[in-house]
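Participant: Letter by letter, the chains look like this.
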Amino acid sequence: MKGTSIVWKILAVVFIILAAALGIYGAITFASAGAFGAQNWIFGVAFLSLGINTWHIIAAPFWIVGTILFFMEMFGYTIKGFKIARYKLKWDSVDIATAALSAAVYGGGLAATGGLTIIPGFTWIRPANALAPLFGLLFGVPGALGVAVGNLLADSLAGYLGWGSLGGGFIGNFLLAYIPYKFVRDHSLRDARSIAEYYLFGVILGSVWCSFYISWFLSYFNTLTGVIGLPPLFVWGIFSPFVIINNAIAEIFTPLLVFPLFPLVKNWGLHWSDRVQWL
Amino acid sequence: MHRLDARVKLVYLAFYFAIIGFFTNPIITGIIYLSIFPAAIIARVSLKRLILTFYTFGVVLIVSLLMWPSYYRDVGVVIFNLPIFGEVTDYGFMIAVNNVFKIVTPITAFLVYISVTKPYDIVQSFIKLRLPYKVASIVSIALRFLPVTFTETKTIIEAQAARGLDLSKGNILVRLKKYTAIFIPLIVRMLKMNVELAMSLEARCFGAYNKRTFINEMKMRKEDLAFLVMIISAFIILILLRYLYNFGVL
Numbered sequence: 001m002k003g004t005s006i007v008w009k010i011l012a013v014v015f016i017i018l019a020a021a022l023g024i025y026g027a028i029t030f031a032s033a034g035a036f037g038a039q040n041w042i043f044g045v046a047f048l049s050l051g052i053n054t055w056h057i058i059a060a061p062f063w064i065v066g067t068i069l070f071f072m073e074m075f076g077y078t079i080k081g082f083k084i085a086r087y088k089l090k091w092d093s094v095d096i097a098t099a100a101l102s103a104a105v106y107g108g109g110l111a112a113t114g115g116l117t118i119i120p121g122f123t124w125i126r127p128a129n130a131l132a133p134l135f136g137l138l139f140g141v142p143g144a145l146g147v148a149v150g151n152l153l154a155d156s157l158a159g160y161l162g163w164g165s166l167g168g169g170f171i172g173n174f175l176l177a178y179i180p181y182k183f184v185r186d187h188s189l190r191d192a193r194s195i196a197e198y199y200l201f202g203v204i205l206g207s208v209w210c211s212f213y214i215s216w217f218l219s220y221f222n223t224l225t226g227v228i229g230l231p232p233l234f235v236w237g238i239f240s241p242f243v244i245i246n247n248a249i250a251e252i253f254t255p256l257l258v259f260p261l262f263p264l265v266k267n268w269g270l271h272w273s274d275r276v277q278w279l
Numbered sequence: 001m002h003r004l005d006a007r008v009k010l011v012y013l014a015f016y017f018a019i020i021g022f023f024t025n026p027i028i029t030g031i032i033y034l035s036i037f038p039a040a041i042i043a044r045v046s047l048k049r050l051i052l053t054f055y056t057f058g059v060v061l062i063v064s065l066l067m068w069p070s071y072y073r074d075v076g077v078v079i080f081n082l083p084i085f086g087e088v089t090d091y092g093f094m095i096a097v098n099n100v101f102k103i104v105t106p107i108t109a110f111l112v113y114i115s116v117t118k119p120y121d122i123v124q125s126f127i128k129l130r131l132p133y134k135v136a137s138i139v140s141i142a143l144r145f146l147p148v149t150f151t152e153t154k155t156i157i158e159a160q161a162a163r164g165l166d167l168s169k170g171n172i173l174v175r176l177k178k179y180t181a182i183f184i185p186l187i188v189r190m191l192k193m194n195v196e197l198a199m200s201l202e203a204r205c206f207g208a209y210n211k212r213t214f215i216n217e218m219k220m221r222k223e224d225l226a227f228l229v230m231i232i233s234a235f236i237i238l239i240l241l242r243y244l245y246n247f248g249v250l
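Taken in order, these protein sequences are the chains called A and B.
Just so you know, the working numbering puts 244 at position 244 of the first sequence, and the rest follows in order with no gaps.
Just so you know, the working numbering puts 81 at position 81 of the second sequence, and the rest follows in order with no gaps.
Chain A extracted, bound-state conformation (with noise of 0.2 Å):
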């Protein structure tokens, strides 16, 4: 038992190195490449490498799957433990009040902290990311419903509410505060274990599948129909892996929030486990 403590103790490790790598050395590569040098980024060159065709490969399983979790859990169902599982969530005052309430605190924090406009009608610096685990942990899936009408509402408020907010934005910030919910064993982060479960599929998981999940929409999409009108070379040079490290550094310090606000929300009977019903 205490062997196994020792591992999950340096794989938490491990996670935490890695998951602040990926979020501080690509925030620093992209200041220093500056907007008029980002094609030479070292992360977008390396995503371009591969070319744009295998980005949609690679990217579309993400897209399917993610789209199919974020129906199957409206509809009450889920994976559990590989299995598809049946649940109950009433959906009553609390919840939607949970819901809907997570959506504007998201959707105002995205505002009112949101400073440097990257890409407008796509991105931003957004310190508030940090909030979409949160939410996806403390209040399961009505928060992580929340955080996708936030980020909805705060496309619309700061007025860039375009194709990528409604066609990828919205699943795929449901899919940040989800991911987390969904692979973190103890949702309290109070042992190596969840720690180490939270930074490797709560950042770095969350924050790839949901860039992929945006990026595939926009790239792929695009090809389709042609309404959307972003390079696929800016895509996947310039947007998808921004979107990884503007999730990745935010979601690094959501462990700092967890710890104090897990026991008041579990008090207050607000967690998600205390509204599910296992059918």
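Since the hints were derived computationally from the structure, they do not count as laboratory data.
Each hint should be verified, as a subset may be incorrect.
Claimed, not checked - In silico DMTMM-like cross-links for lysine to aspartate or glutamate, where the CA-CA straight-line distance does not exceed 20 Å:
hint	chain 1	residue 1	chain 2	residue 2
1	B	K134	A	D92
2	B	K192	A	D92
3	B	K134	B	E202
4	A	K266	A	D92
5	B	K118	B	E223
6	A	K266	A	D186
7	A	K9	A	D274
8	B	K128	B	E223
9	A	K80	A	D186
10	B	K128	B	D224
11	A	K90	A	D274
12	B	K211	A	D92
13	A	K80	A	D274
14	B	K219	B	D121
15	B	K192	A	D186
16	A	K266	B	E196
17	B	K134	B	D121
18	A	K90	B	D224
19	A	K266	A	D191
20	A	K90	B	E202
21	B	K134	B	E196
Said to hold, decoys possible - Here are some of the chain A residues that sit facing chain B, going by a computed Cβ distance under 8 Å:
hint	residue
22	I24
23	Y25
24	L89
25	V94
26	L101
27	A104
28	G107
29	A130
30	L230
31	A250
32	L257
Note that CB positions come from ideal geometry on N, CA and C, so glycine has one too.
Fit chain B to the supplied structure of chain A, relying on the hints for placement.
Facilitator: Okay, now just chain B, sitting in the frame of chain A:
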């Protein structure tokens, strides 16, 4: 614009989201983009909001002009050379400008829509379009609380600044970490609001019935129908022109 039925305004928004994808000629997409502005002026959309769209237009134009022409270096005549990015042909330039309109048209149309539609009407139009009313309620309550949380966030930032928190100092990591001092009180405030809101929803028998009613029910008037017919006709005519006569194609 303000008095139009919210469902018709939603169709107006959908029109711009959909139609812009069918054309590749920037003159046509430019005209479609400009056609939003009379509505924006009639609707008295604030100048600040319109300026925001011009800013968006400018940034997207730069990104588009830098990147799209690289796809079309072999098509058309070279018109100028960009340092680092290389040659720009007339065809590449037209495609780049066309794609700018594709990006900014839905954004601007949405600005007009949100400026002329009350949140109450948006929610009612969603319900009338058969979206479950609980989902519509989430959007409606979130819209109601959005200014509250925005103000709360600003107040907390100011309160923490008064205690010595400086969000503008330090590297990006230090600055991001400082935001935890903003987010924790914000979430605590949110939890309190959550309990109060749930109680008040419960007191109003929220969820007791499957159908939601409204004091002011939406009804289509002649003017709404006329505008709806106009939008649908414009859509059909443009599509027919596009596919029968290759109108708006480079």
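Participant: Give a verdict on every hint.
Facilitator: Comparing the hints with the structure gives:
{"no.": "1", "hint": "B:K134 x A:D92", "in the structure": "holds, 9 Å"}
{"no.": "2", "hint": "B:K192 x A:D92", "in the structure": "holds, 17 Å"}
{"no.": "3", "hint": "B:K134 x B:E202", "in the structure": "holds, 13 Å"}
{"no.": "4", "hint": "A:K266 x A:D92", "in the structure": "holds, 18 Å"}
{"no.": "5", "hint": "B:K118 x B:E223", "in the structure": "holds, 19 Å"}
{"no.": "6", "hint": "A:K266 x A:D186", "in the structure": "holds, 13 Å"}
{"no.": "7", "hint": "A:K9 x A:D274", "in the structure": "violated, 29 Å"}
{"no.": "8", "hint": "B:K128 x B:E223", "in the structure": "holds, 19 Å"}
{"no.": "9", "hint": "A:K80 x A:D186", "in the structure": "holds, 15 Å"}
{"no.": "10", "hint": "B:K128 x B:D224", "in the structure": "holds, 15 Å"}
{"no.": "11", "hint": "A:K90 x A:D274", "in the structure": "holds, 12 Å"}
{"no.": "12", "hint": "B:K211 x A:D92", "in the structure": "holds, 14 Å"}
{"no.": "13", "hint": "A:K80 x A:D274", "in the structure": "holds, 17 Å"}
{"no.": "14", "hint": "B:K219 x B:D121", "in the structure": "holds, 11 Å"}
{"no.": "15", "hint": "B:K192 x A:D186", "in the structure": "violated, 24 Å"}
{"no.": "16", "hint": "A:K266 x B:E196", "in the structure": "holds, 17 Å"}
{"no.": "17", "hint": "B:K134 x B:D121", "in the structure": "holds, 15 Å"}
{"no.": "18", "hint": "A:K90 x B:D224", "in the structure": "violated, 38 Å"}
{"no.": "19", "hint": "A:K266 x A:D191", "in the structure": "holds, 17 Å"}
{"no.": "20", "hint": "A:K90 x B:E202", "in the structure": "holds, 13 Å"}
{"no.": "21", "hint": "B:K134 x B:E196", "in the structure": "holds, 18 Å"}
{"no.": "22", "hint": "I24", "in the structure": "holds, 6 Å"}
{"no.": "23", "hint": "Y25", "in the structure": "violated, 12 Å"}
{"no.": "24", "hint": "L89", "in the structure": "violated, 11 Å"}
{"no.": "25", "hint": "V94", "in the structure": "holds, 4 Å"}
{"no.": "26", "hint": "L101", "in the structure": "holds, 5 Å"}
{"no.": "27", "hint": "A104", "in the structure": "holds, 4 Å"}
{"no.": "28", "hint": "G107", "in the structure": "holds, 5 Å"}
{"no.": "29", "hint": "A130", "in the structure": "holds, 7 Å"}
{"no.": "30", "hint": "L230", "in the structure": "holds, 7 Å"}
{"no.": "31", "hint": "A250", "in the structure": "holds, 6 Å"}
{"no.": "32", "hint": "L257", "in the structure": "holds, 6 Å"}
Hints 7, 15, 18, 23, 24 from the earlier list are contradicted by this structure; the remaining hints agree with it.
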